[in-house]
Amino acid sequence: MNNSAGAILTAQDLWAGYGGAPVVRGVDFAVAPGRLTAILGPNGCGKSTLLRTLAGLQKAERGEVTLGGRPIARMGSKALARVVSVLAQNSVAPERLTVGDLVRQGRYPHRGLFSMWSSSDQAAVDEALEMTGTAHLADRAMETLSGGQRQRAWIAMTLAQQGEILLLDEPTTFLDPAHQLEVLGLIRALSEAGKTVVTVLHDLNLAAEFAGEVVLMREGEIRARGTPREALTEATLAQVFGLSALVVTNPETGAPVCLPRAPQ
Amino acid sequence: MLALALVALSLWSLTVGASAIPLRDLITALTDPYGASRDSIVLFQVRLPRLLAALSAGSALAVAGAIMQALTGNPLADPGLLGVNAGAAFAIVTVLSLTRIPAGPELVWVGFLGAATAALAVYALGSVGRSGTTPVKLVLAGVVVGSLLISLTTTVLLHDSGTLDEVRFWTAGSLKNRRMADVLPMMSYLLVALAVAVSLASQFTSLSLGAEIARGLGQNLALWRAVSAAIVVALAGTAVVVAGPLGFVGLVVPHIARMSAGPDYRWTIPLCLLGGAMLTLLADTLPRALLDRDIPVGVTMAVIGAPFFIHLARRRTGRNNATGAAA
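Quick mapping for you: the protein sequence lines, in order, are chains A and B. The opening position of the first sequence corresponds to residue 1082 in my numbering, with each subsequent residue numbered one higher. The opening position of the second sequence corresponds to residue 2 in my numbering, with each subsequent residue numbered one higher.
Bound conformation, chain B alone (with noise of 0.2 Å):
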């Protein structure tokens, strides 16, 4: 079902732009790669790049931040939030205004480099003190070395106007300008990210009961951490390098995966998958085909997914005060 509504909304998004392709010349376009047609060239060069960017980074943004929260034990938990998409941004924009190479497949190690980086430093600051790593605590690290590097990032782009105009656009999150060529790479890293996130479902679930629980089931918490983590980093920095640091996917998508097939990992690893590229791509598109505007990606998710955010917290921290007072 929802493959098949993926299915039908991506061939849609092919079909919205700066000039509109009908269905029937769609598919004759579809059918000719090499053609010569203004919609072949349109197609190819622009539409499906495009489509299949917003179908990799929703779907690693989603599928690691349901990792995240069956790793950290917090229901807030975003790849976005966590400061691991700034710290890949931050990697990225240093080194395209370092080295002047012109943006490439290569990024994505800077990428991985940079979320893995930050993903420690929030670890290491989070873990500080004697109660260990609170799910509170990490998030207010995350927050903390997450602002740090948004302003190192902007830092770098006002005094190099150079790199400014080429990433301004992908640092707030956008699908713009994707050539295949860069594309296609990343897709082969995230097929092997998601491909290993899958098949290890279960283990995200006994994660999630928490590290008391976990641990007493026999679980090898170090391991299965180490584990969890690079998935992150991997699906993370991958999806950073192909659409900029887009936040709240990773939030919004595993929630209503839960609340859609409940909490066991085997159905909201692969729902997250297909939903995040859902939202994604209606997040792209949608703008494209009610506005007649190309607004970027992450703007959208941002007015989706931030009433959603305070609608979570809300309802927490409600639940928790319920425990006092009648609420």
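Same shape as in the complex, but just chain A (with noise of 0.2 Å):
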């Protein structure tokens, strides 16, 4: 990989929020390097709020965020940038905008005020499209895309910044469900191949089936985190999400799948 190999995203006593009440309060989170995974809980519950304020696009109210033991605060924007890249909820293009321009943005972090477009630049770009199956797509406008393909394109951003963290928030939310596995399996090859991922999703199956390790959070705390098996029980739904559910396995993978009860 690159030369912050091992650099470890943490969170300390983590309050953050929008000047009103704290949206996370008080969260300890050591990002699992090398898995993928994945936050969920109820909405309002600070899920966003805490990818957000790791990604350093939020300040921590108290608390702080290191990166490799430095606090993120006192690091360079672009610094940060080529460790951990970040994809927002619903990230819309300027319009026209194609597909390779968007990647090519990617290498902002690495290039100087007036360096040219080098070599390394260039494999970076055609590395995050190869990967990310967009590369026939490269021309195409981002409006003219189906919405997996354009969050396809989105991801090959944050890969061209060559990041070895990369923070998705709700990458498969609007998606219809063959969609939605489409970005997941790119998210889980991502990990396979290397790369640290930390997902907000919204669907547990999804999440239970793709996700090496979940996070269930609830009112901005953190409630439960383990594997898929071991955080994603009976006990854990009704407190995280007040659901009475089934959580039987999948037969297939082995992997949990809640089946909510309707409420009586």
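No lab work stands behind these hints: they were computed from the structure. Be a bit skeptical, because a hint or two may be false.
Which stretches of chain B does chain A cover? Using the computed rule of at least three CB atoms under 8 Å from a CB of chain A, they are [to be verified]:
| id | region |
| --- | --- |
| 1 | 209-217 |
| 2 | 262-271 |
Facing chain B, from chain A, some residues (calculated, C-beta under 7 Å) [unchecked claim]:
| id | residue |
| --- | --- |
| 3 | K1140 |
| 4 | M1156 |
| 5 | S1158 |
| 6 | A1162 |
| 7 | V1167 |
| 8 | A1169 |
| 9 | R1177 |
| 10 | Y1189 |
| 11 | P1190 |
| 12 | Q1203 |
| 13 | L1340 |
| 14 | P1344 |
These numbers come from a predicted model, not from an experiment. We put the CB at the ideal spot given by N, CA and C, even for glycine.
Using the hints, build the complex out of the two chains.
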């Protein structure tokens, strides 16, 4: 990989929010390196805010986020972006921007003010297009793509940053089931290729199927974490989501499957 | 191509006016800057300063508009719409009225100050509230501050008939009666600001992806927003000194540039530079050529620009509604 190998992203007693009552309340969290972690929780539980604060998109109100032991608040924005790349929720590209244009933007943190486009920039872009299967779309405008293709193009942009850690905020929301699987399959492939991935997800069963580790949040706190098998139990679903559910095992993959019961 | 067209248009504009100068005489006169012929005097005292004023103001406003659109994430942003031009105009009119100094190149600093103050006021007003700065709030703030400043400018002018005569045409956006000694110093400011804008073009592309994405890519938003705002203020402030608060150039030209070459600012900025100069020159010259009348360029530009603005606004709201209902 690159020189930042082994840099671990952690949060210590992290509080964050939007000026009012804190949305993330005293979270301690170390991102598991080389794994795919899914953050789950009901709406408003602070999962996106936690991800955004880990990415440096939002300031911590208390506590801090560190990368390889260094507080990210004291890192330069480009230095951080060379290790941690983030895909915000519902990103919209400017009209007529092509996939190639977008992915080339991923080289921003590696380029000086007046530096020329280098062969290593081009190699990183080609690799990102290759890994996400978007090379054949490079000249297409973003707005002409399907939801799944568009999301893969955004992920390609974050890959061109060549960071070790990828933070994705609800990358599958608004996609139909086939496109959700397409994007999650890509994300799993990236984690298997050595990337550390943290993603906010809505769908419990997709998280159980794809993630190596799940984190369950409620009211700004982490209430359970572990492998899907450990953390997604009838007890935690009741406690975190207020959900009465039957948890069974997928006979093909061995992953837990949550079957919610309708409220009586 | 575009550059050649601009040269041709420039030559044509020099031939058109109260007294027509045929192209052959134009070339004779052009090669003889200190000549005493009538053509030569008209050319160097009247037409050439006016041509340079049109080119400078047009390219400055178009590039300023393009940068503002990247900065605010708002395709309807324009130095006129966001109150920056009105701020520069108000500051200049107030200083002229209070001090009675003759209008001169020093006024550009007053213009900068007015433009910067208005831009800060619009930004402050536009970022009040919990959601921070949104494009819509920014435009509303721009319209409010801009209208207020225009009313104040009118008030100053109405109470001061001396100033009124001097600047009446200028406040509508006019290129009439420019002197070489006024225009040339402005051009040096503009060339610096435009050179900076061209060399930083790729930063504006990243900025135009929106705050979240730009920050995620490691762009120092506070720095680049400040740099962009400073360039806009320099461009718009100078353009206002040259041509008055000329609207719509900064809206129309960047759109056409993006439609023809895509959203990469390394193309947008140079295209705006040429296109803005061309559109402004055309708007200034056409009434002289077709109607034999000297109409302030601001009026012609509004006739061209207002329908364009409505078209853009309608198209955008149309698209937003299309998600809810088939449009």
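ask   = Does the nearest C-beta of chain B fall within a distance shorter than 7 Å of the C-beta of M1156/A?
value = With Cβ-Cβ at 10 Å, over 7 Å, it is violated.
message = Quick check: do three or more residues in the region 262-271 of chain B have a beta carbon closer than 8 Å to a beta carbon of chain A?
response = holds (count 3)
ask   = With 7 Å as the cut and Cβ atoms as the points, is V1167/A at the interface with chain B?
value = This interface hint holds because 4 Å falls under the 7 Å limit.
request  = Grab the minimum C-beta distance from P1190/A to chain B and call the hint holds if it beats 7 Å, violated otherwise.
outcome  = 4 Å, holds
ask   = For the hint on K1140/A, does the least C-beta distance to chain B fall short of 7 Å?
value = Nearest chain B Cβ about 12 Å off; hint violated.
Minimum beta-carbon distance criterion (7 Å), A1169/A to chain B = 4 Å, holds
ask   = Are 3 or more residues of the region 209-217 of chain B near chain A, judged by a Cβ distance of less than 8 Å?
value = Since 7 is at least three, the answer is holds.
message = Less than 7 Å between beta-carbons is the criterion; does A1162/A satisfy it with respect to chain B?
response = Constraint on A1162/A satisfied, holds at 3 Å.
ask   = With a cut-off of 7 Å, does the beta carbon of L1340/A approach a beta carbon of chain B closely enough for the hint to hold?
value = Violated. Min distance 32 Å.
task = Could you check if Y1189/A really has its C-beta closer than 7 Å to a C-beta on chain B?
result = 4 Å, holds
ask   = Regarding the hint that S1158/A lies at the interface with chain B, is the smallest CB-CB distance below 7 Å?
value = For S1158/A, the interface hint holds, since the closest Cβ of chain B sits about 5 Å away, which is under 7 Å.
inquiry  = P1344/A was flagged as interface toward chain B. Is the shortest Cβ-Cβ separation under 7 Å?
reply    = Interface hint status for P1344/A: violated (30 Å vs cutoff 7 Å).
Of the numbered hints stated above, those contradicted by the structure are hints 3, 4, 12, 13, 14, listed in ascending order.
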